[in-house]
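A.B. asks: If you want the building blocks of each chain, they are given just below.
There are 2 protein chains.
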Amino acid sequence: MKSIAADRRRRSRAGLAVVTALLAPLAASAAEGMWTLDRLPLKHLQAEYGFAPDAAWVQHAQRSAVRIAGGCSGSFVTPQGLVMTNHHCVRECVQQISTAKKDYVAAGFYATELKDEVQCPTIELNRLDRISDVTARVKKATAGLQGAEFSKAQKGEQSKIEAECVGDDKEHTRCDVVELYHGGVYDLYKYHRFQDVRLVFAPEESIAFFGGDPDNFNFPRYDLDIGLLRAYEDGKPAQVADYFPFSANGAEAGELTMVLGHPGATQRQLTVAQLERLRDVDLVSRLLYGSEARGLLNRFAEEGSEPARTSESERFYLENGIKALKGELQALLDPKVFDVKRKEEAELRAYVNANPARKAKYGKAWDEIAQAQGVYRDIETRWKFIEGRRGFQSDYYYFARSLVRGAAERGKPNAERLREFTESALPTLTQDLLSNAPVYPEFETVRLGWSLTKLREWLGADDPFVRQVLRKESPEDMAARLVSGTKLGDPAVRKALWEGGQAAIDASDDPFILLAKQTDPEARALRKRYEYEVEAVEKKNAELLAQARFDKYGTSVYPDATFTLRLSDGVVKGWDEKGQPVPPFTDIAGAFERATGFDPFKLPESWVKAKDRLNSAQRFDFVTTNDIIGGNSGSPTINRKAEIVGLVFDGNIESLGGAFWFDERVNRTVAVHSGAIVEALRQVYSAERIAGEIEAARKN
Amino acid sequence: MKSIAADRRRRSRAGLAVVTALLAPLAASAAEGMWTLDRLPLKHLQAEYGFAPDAAWVQHAQRSAVRIAGGCSGSFVTPQGLVMTNHHCVRECVQQISTAKKDYVAAGFYATELKDEVQCPTIELNRLDRISDVTARVKKATAGLQGAEFSKAQKGEQSKIEAECVGDDKEHTRCDVVELYHGGVYDLYKYHRFQDVRLVFAPEESIAFFGGDPDNFNFPRYDLDIGLLRAYEDGKPAQVADYFPFSANGAEAGELTMVLGHPGATQRQLTVAQLERLRDVDLVSRLLYGSEARGLLNRFAEEGSEPARTSESERFYLENGIKALKGELQALLDPKVFDVKRKEEAELRAYVNANPARKAKYGKAWDEIAQAQGVYRDIETRWKFIEGRRGFQSDYYYFARSLVRGAAERGKPNAERLREFTESALPTLTQDLLSNAPVYPEFETVRLGWSLTKLREWLGADDPFVRQVLRKESPEDMAARLVSGTKLGDPAVRKALWEGGQAAIDASDDPFILLAKQTDPEARALRKRYEYEVEAVEKKNAELLAQARFDKYGTSVYPDATFTLRLSDGVVKGWDEKGQPVPPFTDIAGAFERATGFDPFKLPESWVKAKDRLNSAQRFDFVTTNDIIGGNSGSPTINRKAEIVGLVFDGNIESLGGAFWFDERVNRTVAVHSGAIVEALRQVYSAERIAGEIEAARKN
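As you go down the protein sequences, you meet chains A and B in turn. Note that my numbering gives residue 689 to position 687 of the first sequence, counting from 1, and the numbers run on in steps of one. Note that my numbering gives residue 628 to position 626 of the second sequence, counting from 1, and the numbers run on in steps of one.
Be a bit skeptical, because a hint or two may be false.
No distinction is drawn between identical chains; accordingly, a pair holds when it is met within one copy or between any pair of copies.
[As the list claims (entries may be wrong)] Computed cross-link-like contacts, DSS-like style, restricted to lysine-lysine with a CA-CA straight-line distance of at most 30 Å:
1) Lys157 to Lys363
2) Lys456 to Lys338
3) Lys474 to Lys580
4) Lys366 to Lys142
5) Lys611 to Lys474
It is worth saying that the hints were derived from the structure and are not from the lab.
Just need the whole structure built from these sequences, with the hints factored in.
C.D. replies: Next up, the structure:
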C-alpha cells in the first residue's frame with residue numbers, strides 16, 4: 003500500500019515541514035518523470051510509444067482525475083460522479099462510519115441502493131479545472147528580500163492571489179499557488195471542490211490489504227485495494243462530463259500505461275547536506291518515535307474489540323509509514339547513493355565556479371543551505387515535539403490548537419496569517435474541525451499520555467517548556483484529567499468556539515483550550531525559527547540552484563512532486579530480483595494459493611464462498627514502470643484511449659528509493675487490474691448496481 | 003544508569019557479535035584511559051596527581067574488585083564477603099525472588115539477619131587473581147593462517163589454554179584468554195569464582211532509579227543505585243583478605259578518584275568503514291527493533307500487576323539500552339566526529355604508504371576490513387534474527403537452543419566447540435540453564451509472538467526460512483501453542499535433557515526443542531559466515547593496524563575495553579553545559595525538591611518518613627572525570643588510600659560518545675556518594691547490621 007502523501011491532519015501531521023523540492027534529474031530514463039499536464043513531454047511520448055495526445059485528450063484526462071484532499075488520488079469512472087480510489091484512501095471514513103456493533107473495515111461496505119450511500123465526514127475531492135502562471139507576480143513581490151521578509155512577502159502575495167481566485171465561491175472553489183521547479187515557476191491551480199462525498203463500496207480489509215504489513219510494498223500481490231466514492235452536489239450525485247471508462251480487457255505486457263495522480267513529495271534534487279540531514283535527523287527520529295507508537299498501539303489493540311477498532315486507522319497508517327520510511331532510510335544508508343549525489347553536486351558546482359558571474363550569483367547557495375541544516379539539526383526535536391505535536395498526540399489537542407490559533411489568525415489580514423488559516427485554506431480546516439467523525443476518549447488518553455512521556459524524554463525533564471506543561475503531574479494522569487474534562491469531542495462545542503472567536507476562546511476553561519493557549523507561544527516561536535532560518539534560506543538558495551541548473555541543462559525536465567496533478571508514462575513490465583525474474587501479473591488463483599487461513603493471509607468469507615464462481619485465471623494485480631510516489635495512491639492507470647486498465651495502490655520495495663532517484667531497472671508501480679475489479683464486484687459482492695454503472699459508462 | 007556491558011544471556015543477548023576493538027587514541031587527555039592493572043600509567047599518575055601506587059597497592063586493588071558475570075562490576079567492602087554493586091546490577095535477582103504477593107523491586111529488600119540473605123539464581127562473581135601473558139603461544143598457533151583456519155586455530159588454542167588453567171577446579175576457577183590491543187597482546191585472566199551469591203540489601207527502585215528513564219544518563223541526579231550482595235563459600239560468608247573500606251568523608255572537589263571496574267566494550271579504534279557500518283546497520287536496526295518492543299511491553303505492563311511485574315526487568319534493561327544506543331547514534335551522526343576519524347585514518351595510512359615494506363605488510367588492511375563490512379551489511383538482518391535470536395525472543399527458546407547445541411557440542415573435542423560450550427564456559431552456561439529463576443508463560447507468549455512477527459517482517463514473508471518456521475500458522479498462534487506445550491519452564495526437565503545428552507534431545511518432542519532443532523542449521527550457517535567472513539577478517543587486519551600503530555606511536559597506550567578489570571583515574575569535577583556550569587555534587591535536600599509525588603519522581607514512603615532524620619546537606623550523587631563505559635556499573639570509586647568514596651552507576655549523556663572517543667570537557671562519570679550510602683542505611687532503612695559491618699571494616 004502506497005503511503006498517502008500528506009500526513010493526515012488530525013492524527014499525524016507533524017507540523018508543516020515540507021522538504022524543499024528542486025529540479026528533476028537530467029539524464030531521465032525512459033519511464034522517469036512526473037509531468038505537469040501543461041508541460042507534457044510530447045516528443046518523448048511520440049518517440050517512445052508513438053503516442054501524441056492532443057489538447058482535448060489532455061484536458062479530458064485532467065478533468066477526469068481527482069485529488070482527495072487528505073493525501074490520495076482518484077478518478078471519475080462514470081458520468082454519475084462515481085469515483086474510484088484505494089481502500090486505504092477511504093479507510094478512515096470506513097472506520098468513522100463503523101460502530102461498536104458494526105465494523106465495516108472488517109466486514110466491508112456496500113450501498114445496495116443509492117440511498118444507502120453514506121457521507122464520509124472528512125473526505126473532500128478536488129478536480130483541477132485550470133492552471134495559470136503567476137510566476138512574475140510572485141517574484142515581483144519577493145524581489146531583493148531575504149529571510150523573514152522573503153518568507154512574509156511570498157506568503158502574503160500567494161494568499162492574495164489565492165483569495166482573488168476563489169472569490170466568493172469558497173464552497174465550490176479552491177485555489178493554490180503551487181511552487182514548481184523550486185521557485186522556477188509559480189502556477190495557480192484552481193480546483194472544483196466536492197465536499198459532499200459518500201461511500202459506495204469498500205471490500206473487507208482482509209482482501210483490500212491481503213498479506214497485510216508483511217506483503218506491503220511487495221510483489222507478487224493479491225490485493226483488491228479499491229474504495230468507491232460518489233461526489234454529490236446539492237444532495238444529488240454530481241453529473242460530470244469527464245471520466246475514465248473501464249477498458250474492455252486491461253493492459254498487456256509491454257503496453258503503454260499512464261498514471262494520472264498526485265505524487266506527494268520527492269526529494270530528487272536536494273543538496274548533499276539536505277539529504278544527510280534527512281537521513282540523520284528526520285528519518286531516524288520519525289522511525290524511532292513511530293516504532294515505539296506501533297508497539298504500544300498494537301498491544302493496545304489486543305486488549306479488546308473496541309481498542310482494536312478505535313485504534314485501527316492509526317495503526318494502519320503508522321505501519322505503512324514505518325515501512326515506507328524504512329525503505330527511504332535504507333536507500334539513504336546505501337553509501338553508493340551518496341557517492342552519486344556528491345558527484346552530481348560537484349559537477350554543478352564546478353560549472354558554477356568556472357564563470358565569475360555565475361559564481362557571484364549562485365556560488366554561495368550550497369553553503370547557505372548547509373548552514374540552514376545546522377539550524378535545523380539544533381531545533382528539530384523541539385520543533386517536531388511542540389509545533390509538530392509529537393508531544394501532544396490527540397485529536398482534542400488538534401482541535402484546541404486550531405480553535406486557539408483560528409481566533410487569533412482570523413483577526414489578521416489574510417496575507418499575514420499562518421498559511422492554514424488563509425481564506426483559501428479555511429474550508430478544509432473547518433471541514434476537519436467541525437466534522438462529526440468520532441473521537442475515542444480511551445484511545446485519546448493512551449495516545450496523549452504516551453506522547454507526553456515522549457515529550458519529556460526527548461526534550462528532557464528539565465526543559466523549561468516540559469516543566470511548564472507537566473508541572474508536578476505525571477503524563478498519564480495529565481492525559482486522563484484532560485480527556486475526562488474536555489467537551490471538545492462534541493462538534494457543536496467546537497462550532498460554538500470557532501464562531502465565537504477570540505471572546506469565546508478567552509472565556510473557555512476547557513482543559514485542552516487552556517493547554518493550547520499555554521503551549522502556543524513556544525510553538526509559534528519554533529515555527530517562526532524554522533520558517534525564517536531554515537525554510538526561507540532553503541527556498542531562496544534552492545531557487546538559485548534551480549536557475550543554475552536551467553543555465554546548464556535547459557528546461558526539458560519535470561519538477562519534483564508537490565501533491566499536484568501529474569502524468570507518468572510507463573509500460574507493463576516485471577523486473578529482475580537478484581537474478582530471479584518477477585513476472586508482471588498475478589491472478590486470482592494465486593490469492594487462494596497464498597492464503598493460510600490466518601490474518602493477514604486470511605481471505606474473507608465472501609471470497610472463500612465465491613471461489614467456484616470466480617475466474618481463477620483473471621489477472622489480479624500487476625506492475626508497471628511508471629514513476630510514482632506516496633500520494634499516487636488511488637491513481638487511475640489508463641491506456642492511450644484514456645480507459646482504465648488499473649488502479650495504482652502501491653510500489654515495490656525498490657520504489658521507496660524513488661523519493662531520491664528513479665531506478666528504472668527495479669522501481670515498479672503496483673496496481674489492481676481493471677478486470678479483477680469488475681470480476682469481484684460481480685462474482686463476490688453481487689454489486690450489480692455499481693458494476694452495471696461502470697459497464698454502462700464503458701459502453702457510452 | 004549505566005548500561006550493563008554484556009547483553010544478558012537469556013533475554014537479550016543478540017548473538018555473539020562483539021565489535022572489534024583496537025588500540026586506544028594517542029593524544030590521550032589527562033583523565034582518558036582504561037588501564038589494565040599490569041600496565042598502569044605510573045608516570046602519568048605521578049606527574050598528574052603525585053600518586054605512586056606500589057605493587058602491593060595494585061594487587062590489593064585488583065583483589066578487592068569483582069566482576070559480576072552478567073555484565074557489571076562490584077567490590078568487596080568488608081572482610082565478610084559483602085559486595086557493593088548497583089541496584090540495577092542485582093535487579094533481575096530482586097525480580098526473580100519476588101512473587102505475585104511480594105514485589106521486592108517496588109518494596110526493596112533487606113535481610114535483617116544473616117539467615118535472611120537470599121540466594122540469587124543467576125548471579126556469579128569473579129575475582130581476578132592472576133594475569134599472565136600467553137601472546138606467543140596464541141600467535142604461534144595462528145601463524146600464516148587466514149579466514150576460517152585462522153578463526154579455528156585461534157579458538158582451539160585459546161580453549162586449550164583456558165582448560166589447562168582451570169584444571170580440575172571448575173567450581174572455583176574461571177580462565178579467559180583475553181585479547182588486548184586487538185591481538186597485540188593475549189593475556190590469560192584467572193578468576194576465582196563465587197557461585198553462591200546472596201542478596202543482602204536493595205532499596206526501593208523508586209530511589210535506586212529516582213527520575214527513571216527521563217533522568218537516566220543525566221545529572222544532577224539523586225539516586226541511591228546500590229545493591230549489596232554477599233559471596234558465600236561452603237554455605238558460609240566468604241572470608242576475603244582484600245576489600246575496600248569506606249572512607250570517612252568521601253571525596254572533595256578536585257580530588258583524585260580512581261574507578262576499578264570492568265568496562266565492557268569501546269570502539270575507539272575502529273576504521274571509518276566499521277564506524278559507518280555500526281551507525282548505519284547495527285545501531286539503527288537495534289534501536290528500531292528495541293523501540294517497538296518498548297512500546298509493546300510498556301503497554302503490556304499497564305494491563306495488570308502481574309504483567310507489570312513479570313516484564314519489569316526486560317522493560318528496564320530495554321529502556322536503558324535504548325537511551326544508551328541513542329546516545330551512541332547521536333554521537334556517530336555528528337558529522338564532525340567522522341571528520342576527525344577520517345583525518346586520523348588518513349594520517350596512519352599516509353605513514354604506512356610512505357614506506358614500501360610497511361605498505362606491503364599493512365597497506366591492504368583498511369580495504370579488507372571495508373570489504374568485510376560489505377558482507378556484514380548483507381548478512382546482518384538474517385544473522386541477528388536467526389542466530390542472534392531477535393526473531394525468537396523467549397527464555398524457552400534460549401533453553402532449547404542451549405540444550406540442542408549443548409548435546410552436539412559436548413560430543414566434540416574442546417577446541418572445536420562453539421565458544422560458549424568450551425569446558426571453561428560451561429559452568430556459566432549451566433548456571434543459567436539450570437537455575438530456578440522463574441519463567442512467565444504469559445509474558446513469553448507475548449514476546450515470542452511479537453518477535454516472530456518481526457522475523458517475518460524483517461526477513462520477508464517469502465523468505466524460505468520464515469516459511470519453514472511459520473508454515474501456515476500465525477505468529478501469535480504459534481507462540482501460544484509452543485508456550486502451552488513446553489515443559490522447559492521446569493528446571494528439572496532441563497536438567498534431565500542436559501544430562502541425557504544427544505539421546506535425550508533426539509527423544510524429546512518438546513515443541514521448543516523441535517523448533518531449536520529445526521532452526522539450528524540455518525543459525526549455525528549464519529554464525530559461520532559471520533565468524534569466518536567478517537570477524538576473522540576484521541581480527542586479522544585489525545591486528546595489522548595495531549602493529550602499524552605501535553610502529554608509529556609506540557606502546558604507552560591503553561587497550562580498548564574488553565570487560566576485563568581496568569583502572570581509570572580522574573578527579574571530582576563538574577562541567578560546562580552550553581554555558582551553564584554544572585556543579586559536581588547534589589545533596590539529599592535536592593531529592594526532596596525534585597520529587598513530584600508521581601512516578602518516576604516519587605520518593606518511596608521510607609524516605610518521606612525519614613525526611614526529618616536525614617541530614618539534608620549530605621552529599622548524594624557526584625560526578626568525576628573518570629573514563630568509563632557500560633560494564634563499569636557498580637564499580638567502586640576509591641581514593642589514593644584505596645577507600646571507597648563513591649559507587650559508579652551512570653555517565654552523563656555526553657559520556658555515551660565515550661564508546662568512540664573521550665571528550666574530557668564534558669564526559670562525566672556519575673556516582674553515589676559513600677556518605678549517602680551510610681546515611682540511608684542508617685536513617686532510612688535502619689540497616690544497623692550492615693551499616694555496622696561496613697563501619698567496622700572501615701575502622702580495622
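A.B. asks: Need the list of violated hint numbers for this structure, in ascending order.
C.D. replies: none
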